[in-house]
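In order, the protein sequences belong to chains A and B. Following my numbering, the numbering of the first sequence begins with 822 at its first residue and continues without gaps. Following my numbering, the numbering of the second sequence begins with 822 at its first residue and continues without gaps.
One thing to keep in mind: the hints can contain errors.
Same chains, same label: a pair holds when it works inside one copy or across any pair of copies.
[Stated by the list, open to error] Only pairs whose alpha carbons sit at most 20 Å apart, straight line, appear in this in silico DMTMM-like list of lysine to aspartate or glutamate: (1) K1024 <-> D995; (2) K1024 <-> E992; (3) K908 <-> D964; (4) K918 <-> E892; (5) K918 <-> D975; (6) K908 <-> D974; (7) K908 <-> E892.
These are computed hints drawn from the structure, not numbers from a lab.
What follows is the residue order along each chain.
Number of protein chains: 2
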Amino acid sequence: MNIGIFGAGNMGATLGRLWAVAGHDVMFGLRDVRSQRTQARLFELGEHVQEGSLAEAAAFGQVILLAIPWEATEAVVRANAEQLAGKVLIDCTNPIKPDLSGLLVGHTTSAAEEIARWAPGTKVVKAFNTVGAGTLEDARYGDHSASVLICGDDEPAKAIVGSLAEAIGFEVIDAGPLVESRYIEPLAMLWIHLAIRGNYGSKIAVKLLRR
Amino acid sequence: MNIGIFGAGNMGATLGRLWAVAGHDVMFGLRDVRSQRTQARLFELGEHVQEGSLAEAAAFGQVILLAIPWEATEAVVRANAEQLAGKVLIDCTNPIKPDLSGLLVGHTTSAAEEIARWAPGTKVVKAFNTVGAGTLEDARYGDHSASVLICGDDEPAKAIVGSLAEAIGFEVIDAGPLVESRYIEPLAMLWIHLAIRGNYGSKIAVKLLRR
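Excised from the complex, chain A in its bound form (with noise of 0.2 Å):
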């Protein structure tokens, strides 16, 4: 599968490298100038890896991971909404204070249904947003795979998106529509707080017990 990555972050250049490895071709779209670690990043990365444009990676990927900045994130998706039509954007942003005290939106709408408004006919998907990089680089805990819970109101567009979980290693956990990221956000808050205020460090994922 082709993939454009919106950004080349701690979340965007790990999950771009773990699918790249997994066999996927993947674009990673600069807001700036390449940078060196974004290049060196690159570099280890191999063929299975390119970088253009934003607006490049939107129209390479079938699927856009949006992993850029909450602040950055309404002017970029507005100015690529035209190519992100019809396609899959998975949103794994949260909308979170700069002081990380709490979240911007809530309660009665969620960064995820911004975006879907701010990109009219893309099926977004929002997935990854309670997960640490760490977590990403390895699902495993023990003898658990961590949870990653998503939800959308395209059901094969979530489809993709659980598959593409599953391939590195994490448990799918469907949450239902886009609307319960109004309640998987807070859940990315309380993760933050837990591993910055609360000493849990960032080696803490979700699981979803069952029985």
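Since chain A is already given, all that's left is putting chain B on it; use the hints.
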């Protein structure tokens, strides 16, 4: 320990029974005259269990469990605020719309924070709101214990609630101050939607994996 329980529904009755079995003395505070159903439950519980009015249960308990429907909560808490002052109040409520479609409060406040405003001087600890009654009965899922997320602004109160959770088999996750209820209450909404709409059923529980 003397534990007063406001309400004798699924959550209140189950926690009351488990704590009575663990050696605590429990008084159920009932809003109405005793029901056949409540009597039958109390009969099974033996001498460690009493019933009374809400005011009597508030006076009896060193710790009070608030386990009544959200729509009755404000009136009940305000009416008993004087008795509750200085005590530990375990809030397991969720401010859920009657049709279960979403939360009534959130983002800029939470049920727990509202309750703390209604009962000044009470040491409110959010706990058990993300746990189904079936998981209360048995917190084990294979080789894992389900997690109880607790938060509150009084550390000794949190320690007491944590020990009450551990006594019935849970792993306790300290999520920090009471404001974290803004992120823990949406998790209960997610749990309910997964259980009911997502067809995961009620034998599901949240676990924080760590390594």
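Can you give the numbers of the hints that this structure goes against, from lowest to highest?
3, 5 and 7
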